[in-house]
Amino acid sequence: MTQLSSITSWLKLARLGMHLGEGFVLGAASGALFMPHQRFQQPVIKFWHKRLCQILGLHIKVIGQADKRPALWVSNHISWLDIPVIGAHFPVHFLSKAEVEAWPVVGRLAKAGGTLYIKRGSGDAKSVAKQMAEHLQVGRSVLFFPEGTTTDGVGLKRFFHHLFHAACVTGTDIQPVVLRYTDANGELHTIAPFIGDDEFGEHLFRVIREQHIKVELKLLPRVSVYGKDERTLAKELQTMMVAALQE
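Just so we're aligned, residue 2 is where the sequence shown starts under my numbering, counting upward by one.
Be aware that a few hints might be false.
To be verified - Calculated pairs, SDA-like style, for lysine to any residue (alpha carbon to alpha carbon, straight line, at most 20 Å):
#, residue 1, residue 2
1, Lys-112, Pro-44
2, Lys-229, Thr-152
3, Lys-13, Pro-44
4, Lys-131, His-90
5, Lys-131, Asp-174
6, Lys-62, His-213
7, Lys-127, Val-139
8, Lys-62, Asp-174
As the list claims (entries may be wrong) - Derived Cβ-Cβ restraints for the label pairs, each shown as a range:
#, residue 1, residue 2, range
9, Ala-126, Gly-202, 28 to 34 Å
10, Gly-18, Phe-48, 44 to 50 Å
11, Gln-247, Leu-12, 35 to 41 Å
12, Ala-244, Gly-22, 41 to 47 Å
13, Thr-152, Arg-70, 28 to 34 Å
14, Asn-186, Asp-125, 40 to 46 Å
15, Lys-69, Glu-135, 20 to 26 Å
16, Thr-150, Arg-223, 41 to 47 Å
17, Gly-140, Asp-198, 38 to 44 Å
18, Glu-23, Asp-125, 17 to 23 Å
19, Gln-55, Asp-153, 21 to 27 Å
20, Tyr-227, Asp-153, 15 to 21 Å
21, Arg-16, Phe-201, 14 to 20 Å
22, Leu-17, Lys-127, 36 to 42 Å
The hints are simulated quantities; they were obtained by calculation from the structure and are not laboratory data.
Owing to the predicted nature of the structure, the values given are computational and were not obtained by experimental measurement.
For glycine and all other residues, C-beta sits at the position ideal for the given N, C-alpha and C.
Can you build the whole structure from these sequences, using the hints too?
What follows is the structure in structure tokens.
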């Protein structure tokens, strides 16, 4: 893996800081900071995510096309980078725990960017699925990571099936996505995954120092929920996505 010089890395970090500031300006101008989740804000959000990916040095290749109809999106989860990578290309709303909303800077920007804050209780999957269904019913595409954690990108952990209930009760199709991060040699990237005991600040700086992080964002065929329950859907989607990772 090729790393940038310290000076170049610090300049990159400075550009990132400026971009975060620009996020507040764009959020205020578009009304996203005060009244998020409006359709007319999506071009601004996509632009901000795309610029963030450029600053971080992510070279993204999208394979496949997405249907414009609302869907419940599911993706494998490798890093916090997954959110700007997907958000730069598709108008989806990401799930996050409600506590994140209180985080300085990040919480406000994430909300302006379309993040849906979900109140989580102990084992409260039914409540979360209900809140997701409410967003799907008003035409918002929602994305969640069914593994419930990040991995190194080699394979998939077992999917949690409960949140697929949101698609079942609304009759919403499911759009699976598979992400793969690679280096200049085409090997799985070892820096991009945000796993284990990684601290956000340290991981961010490691990403900034990297010169080549290629990302493959692959859209798989939509899956109909007709005649299927949550467990069946979870198994079907996991099988599809594992096969795509192994191609």
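Going back to the hint list, which numbers does this structure go against? 2, 3, 4, 8, 10, 16, 18, 20
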